[in-house]
Amino acid sequence: MTAPTASETTKRTARGWWRQNQQSLAPWLFLAPGVLMFLVYVIIPIFQSMNISLYDWDGLGERVYVGMGNYVELMDDEAFYTSLKNNVIWLVLYMLAIPAGLFVALFLNQDVRGIRIYKSLFFFPFVISQVVVGLVFSWFYDPSYGLMNILLGWFGIDAIPVLADERYVTYGIIAAGLWPQTAYCMILYLTGLNAVDPEQIEAARLDNARGFRMLWYVVLPQLRPATFIAVVVTVIGALRSFDLISIMTDGGPWGSSRVLAFYMYEQAFSEYGFRMGYGAAIAVVLFLIMMVYIAGFLWKMYRDETDR
Amino acid sequence: MFHHARKVAATVAASAMVTSTALAGELVINTDTSDPAPKAAFEALIAGFEAENPDVTVTWNLFDHEGYKTSIRNFLTADAPDVANWYAGNRMLPYVNAGLFEDVSDVWDEHGLRESLASAEASMTIDGKIWGVPYTYYQWGVYYRKDIFEANGIAVPTNWDEFLAAGNALKEAGVTPITIGTKYLWTAGGVFDYLNLRTNGYDFHMALTKGEVPWTDDRVRATMANWMQLLDAGFFIENHAAYSWQEALAPMVQGEAAMYVMGNFAVAPLREAGLSDDQLGFFQFPVINPDVPLAEEAPTDTVHIPANATNKEDARKFLAYLARADVQTEVNATLGQLPINKDSEVGDDKFLQAGYNMLSSTTGGIAQFFDRDAPAEMAKAGMEGFQEFMVKPERLDAILKRLEKVRARVYN
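Chains as they are written, first to last, in the numbering used here: chain A, 68 to 375; chain B, 86 to 497.
By construction, these hints were calculated from the structure, which means they are not laboratory data. The structure displayed is predicted, hence computed values, not measured ones. Using N, Cα and C, we set each Cβ at its ideal position, and we do this for glycine too. Among these hints, one or two may not hold up.
What the hints assert, rightly or not - Stretch by stretch, here's where chain B covers chain A in the computed footprint (C-beta under 8 Å, at least three residues): (1) 117 to 131; (2) 340 to 354.
Claimed, not checked - DEER-style ranges, computed between Cβ atoms: (3) Val-131/A - Asp-194/B: 35 to 41 Å; (4) Asp-434/B - Phe-336/A: 47 to 53 Å; (5) Phe-336/A - Asn-442/B: 55 to 61 Å; (6) Phe-295/A - Arg-356/B: 56 to 62 Å; (7) Thr-243/B - Val-194/A: 54 to 60 Å; (8) Met-117/A - Asn-442/B: 53 to 59 Å; (9) Asn-442/B - Lys-152/A: 39 to 45 Å; (10) Met-368/A - Val-495/B: 43 to 49 Å; (11) Ala-353/B - Ile-224/A: 58 to 64 Å; (12) Asp-178/A - Arg-356/B: 58 to 64 Å.
Based on the sequences and whatever the hints tell you, model everything.
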């Protein structure tokens with residue numbers, strides 16, 4: 068038996084190194100493409116936005132460093148506070164989609180002929196584009212020809228120009244947004260209801276639980292995962308509300324239906340905007356608001372993981 | 086202001102266009118002339134140019150209006166065509182300042198354009214250089230229902246008192262005097278422009294849009310006071326903030342409203358909706374202050390050569406071709422607008438003739454439009470303020486203060 072040559076030794080050690088570390092390296096290799104994408108398209112742009120928010124820049128010419136200037140201006144900008152207030156209204160009222168979705172899901176969770184068709188019909192608004200939803204509701208609200216005001220007319224109520232009145236406009240748009248969002252929550256709850264344990268229901272029934280008590284103490288606790296996801300998607304939906312506003316009012320009347328995401332777009336990219344720095348500053352503020360929520364979300368995830 | 090027209094449609098069908106880089110002898114043209122008439126006009130224009138220059142092949146990238154406004158910033162820097170269309174005045178200023186448009190003064194000198202396009206030279210000039218070639222413009226004014234005026238025995242008003250009287254007579258007859266849709270804001274800018282031009286004149290209007298006069302100035306307040314008279318008398322349709330300009334055509338077509346302060350592009354949809362030339366008329370915005378020379382509003386559309394273009398030689402040929410009298414005659418016949426070249430013929434459409442007669446005898450100056458004369462940020466804030474004022478006139482002071490704050494920042 069001869070001693071192994073030098074090259075064979077290195078080959079073997081190389082293979083040995085791979086073999087030794089395979090277990091710990093493989094996950095990283097599989098994660099690498101995703102991590103790379105996440106870095107390039109999410110993490111790095113966040114820091115770029117923060118950087119741009121310190122400049123006065125029209126996207127074409129010279130960047131001028133203004134330090135916190137954009138943020139100082141933001142603090143003194145009525146339009147910013149209007150947007151912020153509307154964002155809060157969106158966040159709060161959008162949550163209505165969750166109980167509404169639950170209600171519809173409970174209603175549809177039964178065995179009758181053609182139930183699948185009814186379920187599909189209820190899910191329909193989530194499938195169509197937000198742009199279409201926005202157009203449909205604009206026509207519904209139209210002060211002279213819209214269905215809503217024709218209906219109000221039957222009761223002798225004067226036409227309400229929902230989308231042209233600063234008092235109602237945000238609520239009008241949220242109502243439009245709730246339509247598809249309710250459908251989304253409904254589908255989450257329908258799948259959740261499939262997983263509800265029939266034995267527990269049976270047991271509860273023997274203990275004489277019914278109606279609301281049954282729902283609250285037996286069904287809802289089993290739906291917790293569905294509720295969690297429903298809250299997550301609804302908060303995200305509320306914070307990124309943009310398409311409906313753009314289609315239904317274009318931020319008006321006189322900017323009273325803007326939210327931060329829309330205001331950011333308007334300042335940075337719209338016809339009269341191209342203030343990249345200012346838009347980036349708004350984006351950073353929006354990011355910080357989302358961060359509060361994202362942190363809470365991550366904390367809960369972490370807690371759930373470690374509990375096991 | 087036709088480029089605002091298809092906001093919704095454009096958002097629905099935001100089309101992605103692929104631009105291609107030019108080869109030698111290939112001329113790349115980017116335009117947003119995607120409405121039927123402008124599209125047909127450019128098709129004919131390009132065919133005519135290719136027939137005269139058989140060695141040049143034109144590649145034409147057609148964009149939708151809304152998409153174009155964002156795309157132009159990208160393609161001017163990254164993948165420049167040889168020719169692109171845009172607008173005169175302040176709207177081209179950012180691109181000129183960023184060095185993205187080519188100085189084409191030589192084309193003007195070589196082809197005698199300083200004479201033939203003289204009327205638009207000022208609005209094409211920045212820093213003493215000329216940055217593009219204008220090919221069309223159109224008048225603004227009051228479009229009205231002739232038959233309703235006649236049925237109620239109302240004559241065409243020529244001054245402010247007559248205008249107010251005409252409006253009151255219409256109201257008595259159960260007709261709202263003026264229709265407007267301010268959802269996309271700029272229509273309110275048109276009304277402000279005319280009220281200000283008639284109250285304070287062209288020079289003041291230009292000083293205001295250039296940021297040289299505070300918005301809290303008494304002369305601005307005088308303009309707003311005149312506007313207030315119209316609001317107090319209930320001249321405008323209700324709920325106008327809910328409508329786009331096209332939606333606001335409906336009350337006029339149905340005879341519920343009788344006037345529209347608009348650009349000439351409103352004529353085509355009004356005709357399509359069934360109004361005949363006996364029902365539809367045009368008059369010049371009435372005199373408010375008789376001491377002020379009459380100025381008009383006539384936005385100009387232009388073509389430019391990007392500084393990064395590859396085939397500038399053929400691009401110059403194209404600009405010269407588009408500046409020619411016979412070409413402008415033909416293009417504007419299709420567009421239904423007015424040619425810039427003074428030797429061109431104006432179509433025999435009665436609104437074109439009316440506009441031509443009005444503009445060629447204008448002594449007070451020709452404004453582009455509020456959002457072309459004022460810088461973008463000021464324009465946006467201003468038009469938003471006008472819309473708010475039309476609905477909540479009691480907030481006038483707060484609005485003017487806000488505009489003054491924006492002015493202080495925008496013009497530095």
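The hints, checked one at a time:
1. 117 to 131: Our answer is that it holds, as 4 residues pass the Cβ test (under 8 Å) against chain B, meeting three.
2. 340 to 354: holds (count 3)
3. Val-131/A - Asp-194/B: 35 to 41 Å: holds (36 Å)
4. Asp-434/B - Phe-336/A: 47 to 53 Å: violated (38 Å)
5. Phe-336/A - Asn-442/B: 55 to 61 Å: Violated - the Cβ-Cβ distance for Phe-336/A and Asn-442/B, about 41 Å, lies outside 55 to 61 Å.
6. Phe-295/A - Arg-356/B: 56 to 62 Å: holds (58 Å)
7. Thr-243/B - Val-194/A: 54 to 60 Å: With a Cβ separation near 58 Å, Thr-243/B and Val-194/A satisfy 54 to 60 Å, so the hint holds.
8. Met-117/A - Asn-442/B: 53 to 59 Å: holds (58 Å)
9. Asn-442/B - Lys-152/A: 39 to 45 Å: violated (52 Å)
10. Met-368/A - Val-495/B: 43 to 49 Å: With a Cβ separation near 46 Å, Met-368/A and Val-495/B satisfy 43 to 49 Å, so the hint holds.
11. Ala-353/B - Ile-224/A: 58 to 64 Å: Given range 58 to 64 Å: violated, Cβ gap about 37 Å.
12. Asp-178/A - Arg-356/B: 58 to 64 Å: At 59 Å between Cβs, range holds.
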